[in-house]
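Undergrad: Residue numbers (my numbering): 35 to 158.
There could be a bad hint or two in this list.
[Unchecked claim] Computed beta-carbon distance windows for the label pairs: (1) Lys130 x Lys63: 31 to 41 Å; (2) Leu149 x Val105: 15 to 25 Å; (3) Glu124 x Pro101: 13 to 23 Å; (4) Asn92 x Lys69: 30 to 40 Å; (5) His133 x Asn61: 32 to 42 Å; (6) Lys53 x Gly121: 10 to 20 Å.
Calculated from the structure, these hints are not laboratory results.
C-beta atoms are modelled at their ideal positions from N, C-alpha and C, and glycine is treated no differently.
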Amino acid sequence: MIKLKNNIEDLLDSLSKSKFRGSFHLNKKMKNYVKEKGFDKIKSDARDLITKRIAPGNPNNDGKQTPMRQVHPVFIAQHATGCCCRGCLEKIHGIKKGHELSNEEIDYVVNTLMLWIQREMSKD
35 MIKLKNNIED LLDSLSKSKF RGSFHLNKKM KNYVKEKGFD KIKSDARDLI
85 TKRIAPGNPN NDGKQTPMRQ VHPVFIAQHA TGCCCRGCLE KIHGIKKGHE
135 LSNEEIDYVV NTLMLWIQRE MSKD
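Make a model of the complete structure from these sequences and hints.
TA: This is the structure:
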């Protein structure tokens, strides 16, 4: 059983101080997209993207499967939170590579992404 980070807020605070992770923010276009679609749709998109791109035990193009451009708020959140590839998931979140993510692990990743997006939406 994986030991998931207990306090996502503290983790996000720590990551925001990283030169790399802290450089990611939602631009105005992405914020408008979130407002237009709503949090439920963004969360559904996050679950779908994580299930397809990150959850497999050995994802295709691991380490390169998450775009860094402002194409979807979830992609930006993935880089900001270290949920962009299995290597970062292992290093930052303690989720080992080489196994398909459990529902609990997927929930953890999606909740981490959504909390980061909510925090970004409150900035202006």
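Undergrad: Does each hint hold? Answer for all of them.
TA: Here is what the structure says about each hint:
| no. | hint | result |
| --- | --- | --- |
| 1 | Lys130 x Lys63: 31 to 41 Å | holds (36 Å) |
| 2 | Leu149 x Val105: 15 to 25 Å | holds (21 Å) |
| 3 | Glu124 x Pro101: 13 to 23 Å | holds (21 Å) |
| 4 | Asn92 x Lys69: 30 to 40 Å | holds (36 Å) |
| 5 | His133 x Asn61: 32 to 42 Å | holds (35 Å) |
| 6 | Lys53 x Gly121: 10 to 20 Å | holds (18 Å) |
Hint compliance for this structure: every hint is met.
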